[in-house]
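Could you put together the complete structure from these sequences and hints?
As given, the protein sequences belong to chains A and B, one line each in that order.
Per the numbering used here: the first sequence = residues 1 to 214.
Per the numbering used here: the second sequence = residues 1 to 214.
Hints should not be assumed to be uniformly reliable.
Repeated chains share a single entry, so a pair holds when one copy, or any two copies, can fit it.
[As the list claims (entries may be wrong)] Dumping the calculated SDA-like pairs for lysine to any residue here, alpha-carbon to alpha-carbon at most 25 angstroms: (1) Lys-188 to Val-95; (2) Lys-77 to Asp-151; (3) Lys-188 to Arg-135; (4) Lys-67 to Ser-20; (5) Lys-77 to Thr-196; (6) Lys-67 to Asp-127; (7) Lys-188 to Glu-160; (8) Lys-188 to Ala-159; (9) Lys-188 to Ala-150; (10) Lys-77 to Ile-157; (11) Lys-57 to Glu-96; (12) Lys-188 to Glu-65; (13) Lys-188 to Ser-92.
To be clear, the hints were calculated from the coordinates, so they are not data collected in a lab.
There are 2 protein chains.
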Amino acid sequence: MATPRAAGERTPKAERGRLSADQRRAVITRAAGRLFARDGYAATRLEDIAAAADVTKPIVYRHFESKKALYLALLAKHEEDLPSFFVGLDRSSGVESTVRAILERWFDYVRENQHACIMLFRDSSGDEEIRALRRRVNRRACQVIAAFIADQDGSAIPAEEIDPTAELLTSGLAGLALWWIDHPDVPKEVMVEVATRMSAPAVGAARMLPASAV
Amino acid sequence: MATPRAAGERTPKAERGRLSADQRRAVITRAAGRLFARDGYAATRLEDIAAAADVTKPIVYRHFESKKALYLALLAKHEEDLPSFFVGLDRSSGVESTVRAILERWFDYVRENQHACIMLFRDSSGDEEIRALRRRVNRRACQVIAAFIADQDGSAIPAEEIDPTAELLTSGLAGLALWWIDHPDVPKEVMVEVATRMSAPAVGAARMLPASAV
DNA sequence: GGTCTGAGTTACCCGCAGGTAACCTAGCAA
DNA sequence: TTGCTAGGTTACCTGCGGGTAACTCAGACC
Numbered sequence: 001m002a003t004p005r006a007a008g009e010r011t012p013k014a015e016r017g018r019l020s021a022d023q024r025r026a027v028i029t030r031a032a033g034r035l036f037a038r039d040g041y042a043a044t045r046l047e048d049i050a051a052a053a054d055v056t057k058p059i060v061y062r063h064f065e066s067k068k069a070l071y072l073a074l075l076a077k078h079e080e081d082l083p084s085f086f087v088g089l090d091r092s093s094g095v096e097s098t099v100r101a102i103l104e105r106w107f108d109y110v111r112e113n114q115h116a117c118i119m120l121f122r123d124s125s126g127d128e129e130i131r132a133l134r135r136r137v138n139r140r141a142c143q144v145i146a147a148f149i150a151d152q153d154g155s156a157i158p159a160e161e162i163d164p165t166a167e168l169l170t171s172g173l174a175g176l177a178l179w180w181i182d183h184p185d186v187p188k189e190v191m192v193e194v195a196t197r198m199s200a201p202a203v204g205a206a207r208m209l210p211a212s213a214v
Numbered sequence: 001m002a003t004p005r006a007a008g009e010r011t012p013k014a015e016r017g018r019l020s021a022d023q024r025r026a027v028i029t030r031a032a033g034r035l036f037a038r039d040g041y042a043a044t045r046l047e048d049i050a051a052a053a054d055v056t057k058p059i060v061y062r063h064f065e066s067k068k069a070l071y072l073a074l075l076a077k078h079e080e081d082l083p084s085f086f087v088g089l090d091r092s093s094g095v096e097s098t099v100r101a102i103l104e105r106w107f108d109y110v111r112e113n114q115h116a117c118i119m120l121f122r123d124s125s126g127d128e129e130i131r132a133l134r135r136r137v138n139r140r141a142c143q144v145i146a147a148f149i150a151d152q153d154g155s156a157i158p159a160e161e162i163d164p165t166a167e168l169l170t171s172g173l174a175g176l177a178l179w180w181i182d183h184p185d186v187p188k189e190v191m192v193e194v195a196t197r198m199s200a201p202a203v204g205a206a207r208m209l210p211a212s213a214v
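Written out as structure tokens, the structure reads:
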């Protein structure tokens, strides 16, 4: 796996030199977030993180018990930062515009938390504990979406189709988020439009049907 | 990453003992496919593969240049095995049933090629070359889907929305495939129904609109 | 200005897994 | 039976990267 890497850019000058423990911890955390997102857990060496934080390995170990603990701390923080996309919605204007409002929030989040998205949705390396944490985040997302689907009045979605539908939405929206991160010039409106077109029917907005059946 | 693993089950008795080179190569390939799918590239040790093929490491190296070459060979084989989901379709019955026919093929493929799906869509470890190959497969899938969308007569999908739509479909269907592998009791019909409901509008089947506009 | 705390470094250990050198042996052919 | 071929093994080398022991030195405080 010895992929040669360009050294991650160093932290800005203001953050170099002797820092307080809290400051240093913050610098390390930022650097680790950047590198883990860029290369994934397995391919990121602790020494790279240390260098990116303008420090040496033992200092990283003073702040974090292990590489894995550092990664888990970041992942847990990202999980915690996940906003609740589903609370306080104005549901008076129909399913489609509710879905659109949720997706607006989603893509706002993605834009502001690219490293988190990559760590949560792209990387699949790490030991069992790490994979379990990522799986848990994913499963929760599915549960929330499934609950939302089940909650739609007069939804035409049969019960046994709810879980796979939620899974399709979750992985589709995660993949789309990653794609957007790689294509930052695409305007948010396009992303929301695309996602809404697919999500609204999935969630139970009136099906496309032959006109006679409407 | 020292995840303790249960040893992969050994190959059936008929395949043990002294085999011809071709037979042994086939045994190794099967074992590797199984283990790589179960644990991913990084977490699978060559010695595990050798043991699962009832053989020792140097024998694996007689057949494959390196662990990476073995993985790439499998990945290339899986890429080659990907059928063309889009040829020979009966397109006379409208977009939705065309989409449904494609998805029938997709889930047939998934059921028959679970290890391939996992290696292509779940694992993200490996060095740059491996990741590039997986990316290429994914990009091709997107291109094919994008072409299909662009090909729909009277599609309402604006040009700049085609690529993200294809990405959403690709990652959604890949994720759904993985979910199905983990939930093998769900009948194929449910999967096809769920996927069709989401894909047809995405591809440009008549939009859900207020009845007055239909 | 001494001294103590804690940020920071150098130089190392060690285990794991990829890869190999040297050897063994089943079984076929002459 | 002898001997060659080719499948197979044991025992090793090696590098990489996670983790640590032992030390240095800046600067706050008395």
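Results of checking the hints against the structure:
1. Lys-188 to Val-95: within (20 angstroms within a copy, 28 angstroms between copies)
2. Lys-77 to Asp-151: Neither, since 29 angstroms and 44 angstroms both go past 25 angstroms.
3. Lys-188 to Arg-135: between (27 angstroms within a copy, 24 angstroms between copies)
4. Lys-67 to Ser-20: within (21 angstroms within a copy, 45 angstroms between copies)
5. Lys-77 to Thr-196: neither (28 angstroms within a copy, 36 angstroms between copies)
6. Lys-67 to Asp-127: both (12 angstroms within a copy, 20 angstroms between copies)
7. Lys-188 to Glu-160: Answer is between; shortest inter-copy Cα gap is 12 angstroms, intra-copy 33 angstroms.
8. Lys-188 to Ala-159: Only across copies: Lys-188 and Ala-159 sit 15 angstroms apart there, 32 angstroms inside one copy, limit 25 angstroms.
9. Lys-188 to Ala-150: between (28 angstroms within a copy, 22 angstroms between copies)
10. Lys-77 to Ile-157: neither (34 angstroms within a copy, 38 angstroms between copies)
11. Lys-57 to Glu-96: neither (51 angstroms within a copy, 57 angstroms between copies)
12. Lys-188 to Glu-65: The answer is neither: 39 angstroms in one copy and 46 angstroms across copies each exceed 25 angstroms.
13. Lys-188 to Ser-92: within (24 angstroms within a copy, 36 angstroms between copies)
Of the numbered hints listed earlier, those contradicted by the structure are 2, 5, 10, 11, 12.
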